[in-house]
Amino acid sequence: MDIQVAGYGIICAIGNNASEVLCSLREERTGIGSMHYLQSSHKELPVGEVKLSDEEMKRMLGQDESTVISRTVLMGAIAVRQALEHANLDLKGKRITVISGTTVGGMDVTERHFKQMLDDDAMLPLLEKHDCGSSTREMADLAGLQDADVCTISTACSSALNAIILGSEMLQNGETDIVIAGGTEALSRFHLSGFNSLMILDKERCRPFDKTRAGLNLGEGAAFVVLTPPSISPTEGEKQEQGARGKEQEDTNCQNYPPAPCPLPLAPKESPIYIRGYGNRCDAFHQTASSEDGEGAFLAMSDALRMAGVKPQDILYINAHGTGTPNNDASESAAIRRVFGEHVPPVSSTKGFTGHTTSASGSIETVISILALQHNFIPVNLGWKEQDESCITPATRHGESVASSQLAIGEGQEGAILCNSFGFGGNDSALVIGRCPSPSACTEKSQNKVAVLADETIDDSEQLKDYREFISPGEARRMGKLMKAATITSLKALRKAGIECPDAIITATAYGMLETSEKFLIDMLENNEETLSPTLFMQSTHNTLSSAIAIRTKCHGYNVTYSQGAKSLEWALRDAHRLIKSGKAETVLVGCHDEATPSFQDLFRRLGKPIPPMLYSRSIVLCAEHEM
Amino acid sequence: MEQLINDLKLQIKDALNLEDLSMEEFDENAPLFGEDGIGLDSIDVLEIIVLLEKNYGIRLANSKEGKAIFQSVKTIAEYVQANRKK
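Heads up: the sequence lines are chains A and B, in that order. Take the first sequence: its position 64, counting from 1, is numbered 64 in the working numbering, and each next residue is one higher. Take the second sequence: its position 40, counting from 1, is numbered 40 in the working numbering, and each next residue is one higher.
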């Protein structure tokens, strides 16, 4: 495994580029504070906002201020541009793939203009910018990558890390030449009030792993890495030269940013960074809570270490998911203790700096981990004061010298960092990065063929009448029509294939459970963000279907959700084939599920676009066919 | 009190979509959580908190403080009677 990180870009609460972020990390300056840009009624909640208005970002990207562009798209395009400048690769004639993790997508625009869209035709085109896939396309275009292929992964808070995993897999398979992978997520009233309805937001600054921790603070931002296979990576000489140029470019760029408090040069200390290993597993426990022993997190970290070819003692630092909720931090601590035993390396959550940037957190924290590795320091765990027995003791400085927080590389140690990223529905992923590539462990390519064992479709609500064969009344009470349909087609297909629990579950959906999302949006607009239903919110994330089926089948294997409009199923099937052909899975359940509402259909009718069906759910079971 | 208990049962049945639970079966003294009772979970607690704010103007800061309140419909009714703002 020798995928190299050729460049990176980042924008979040503690800086508008990598050097500002590095500076804030080293000087221990948080970016969490009172709300300034988001127009929410929940002013009492601290947030980690990017310190730029939409208009300022549009100017940076050379866009007209009056054009309506989602903040998710704006931040993403800025980070992608930075990453491309930093990598400074010749893109001509190369196959380029942009993979982004997001859940909010264009929701910030939709929530501002939804009521207008209902009766003003002039606002209707905004509808086409709403879904995650469209926002990724728009972001790539704005970053100057009009010819690139784009893909969106939506596994809630682990989305961006799963985007990096997909990019690495595609490069290893030779499916593309250059990958730009990461995630972007803007703060929106929708998900702020949604998290609020789940009562997991702290009204004070968050304190990950602390005894008094009382929840998370939401943040926003974007980060992308440019990934290359070794053949295309610049030579050492080129890299140094480009380092110097990169710095120049950064300086010119700074005219657009607020003056950096202490612009640290990035170039001189840079050493190559490699993606060494990763794991994607499902906790298969609960839609919004993690299991007590952190099974999904344990499996993801174990897979990542095994693939990286490193021993637990080679890990110099763990960038934890560490949201600050009582449940996550205890569960993650249990999982870390299971992997590392008595010898837990320095751990910190950097969410005390950035807030929880949800779908973007995986790549924001990957870039933070890269900065830590290149600049040889351990980011502190801001906000921690009091030991909690159920939690690991995170890295803090507390008056000690800066030297003590340096990464300690012992003799014969590989020098690697582990970065955790977990999401609702138990979509748990982990990534290992290092200063050198992994020893080429498994280069043997299995050549499994792929066979279809079952293929079940429901496209009419009438077909849901006999749901009780598969769904108990207790389960049904929280299920909308799409969840019922997805459950039935999945279980029918698995039964036909003679499989109880598949090795992997891959789901494709353009809009997720639109009926519940729409209801939550309307309630939110009508009730000024108060008294909202947590059940509706937790079902609005696109990965709810995939994780619900994992919970139902007790499947702890690979679990991912693609949300790339009409191409979602194609991406899902490609992934399933990749897993089976490489021998990573014997059986894969692939689902494609989408629904509409009468008002949603009406919007499309007025727009003169093909009208999405009220209900469509298809489940396919694929398996490896071994050659005799 | 009788009326309040009845109202709460209806509101809870509706908010949590407990179609299969008839009003006769819905015992106000039965534990709301666990196998021996109605079988609700932590998400249901959050829904009941929303319902109390909507209908009675009662605001609970976190779901933990509700532990004693959410034992049964009867205990909820007693709490509502003592704390309702509307």
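If you're looking for bench data, these hints aren't it; they were derived computationally from the structure. Glycine included, each C-beta is placed from N, C-alpha and C at the ideal position. Treat the hints with care, since some could be wrong.
Here are the computed lysine to any residue pairs in the SDA-like style, where the Cα-Cα straight-line distance is at most 25 Å [to be verified]:
1. K9(B) to T553(A)
2. K584(A) to E28(A)
3. K449(A) to E204(A)
4. K115(A) to A82(B)
5. K203(A) to K9(B)
6. K85(B) to D36(B)
7. K86(B) to K584(A)
8. K13(B) to L464(A)
9. K129(A) to I522(A)
10. K92(A) to K203(A)
11. K85(B) to K92(A)
12. K54(B) to L521(A)
13. K481(A) to D14(B)
From the derived model, a few chain B residues whose C-beta atoms are all more than 12 Å from chain A [what the hints assert, rightly or not]:
14. L21
15. G39
16. D41
17. E53
18. N55
Hints and how they fare:
1. Restraint check for K9(B) and T553(A): not satisfied, since their Cα atoms lie roughly 33 Å apart, outside the 25 Å limit.
2. Among the hinted pairs, K584(A) with E28(A) is inconsistent with the structure: their alpha-carbon atoms are about 41 Å apart, more than 25 Å.
3. Restraint check for K449(A) and E204(A): the C-alpha separation of about 54 Å exceeds 25 Å, so the hint is violated.
4. As the CA atoms of K115(A) and A82(B) are separated by approximately 40 Å, the hinted pair breaks the 25 Å bound.
5. Distance restraint check for K203(A) and K9(B): the Cα-Cα separation of roughly 32 Å exceeds the 25 Å cut-off, and the hinted pair is therefore not satisfied.
6. A threshold of 25 Å between alpha carbons decides the hint, and for K85(B) with D36(B) the separation of about 33 Å lies outside it, so the pair is violated.
7. Simply put, K86(B) and K584(A) have alpha-carbon atoms about 59 Å apart, too far for the 25 Å limit, and the pair is violated.
8. Taking the CA atoms of K13(B) and L464(A), the gap is about 23 Å. The hint holds against a cut of 25 Å.
9. Taking the CA atoms of K129(A) and I522(A), the gap is near 19 Å; set against the 25 Å cutoff, the hint holds.
10. A hinted pair counts as satisfied when its Cα atoms are at most 25 Å apart, and K92(A) with K203(A) does not qualify at roughly 49 Å.
11. Proximity of K85(B) to K92(A) is assessed by CA-CA distance (about 67 Å); at most 25 Å being required, the pair is judged violated.
12. Pair hint K54(B) plus L521(A) holds up; C-alpha atoms about 17 Å apart against a cutoff of 25 Å.
13. Our distance criterion of 25 Å between C-alpha atoms is met by K481(A) and D14(B), whose separation comes to about 18 Å.
14. With a least beta-carbon separation of about 9 Å from chain A, L21(B) fails to lie farther than 12 Å from that chain, contradicting its non-interface assignment.
15. The beta carbon of G39(B) sits about 6 Å from the closest Cβ of chain A, which is not more than 12 Å, so the claim that it is off the interface is violated.
16. With a least CB separation of 9 Å from chain A, D41(B) falls inside the 12 Å interface cut-off, contrary to its annotation.
17. The claim that E53(B) is not at the interface with chain A is violated, since a C-beta of that chain comes within 12 Å of its own (minimum 5 Å).
18. Here N55(B) does not stay apart from chain A, with its beta-carbon only about 9 Å from theirs, under the 12 Å limit.
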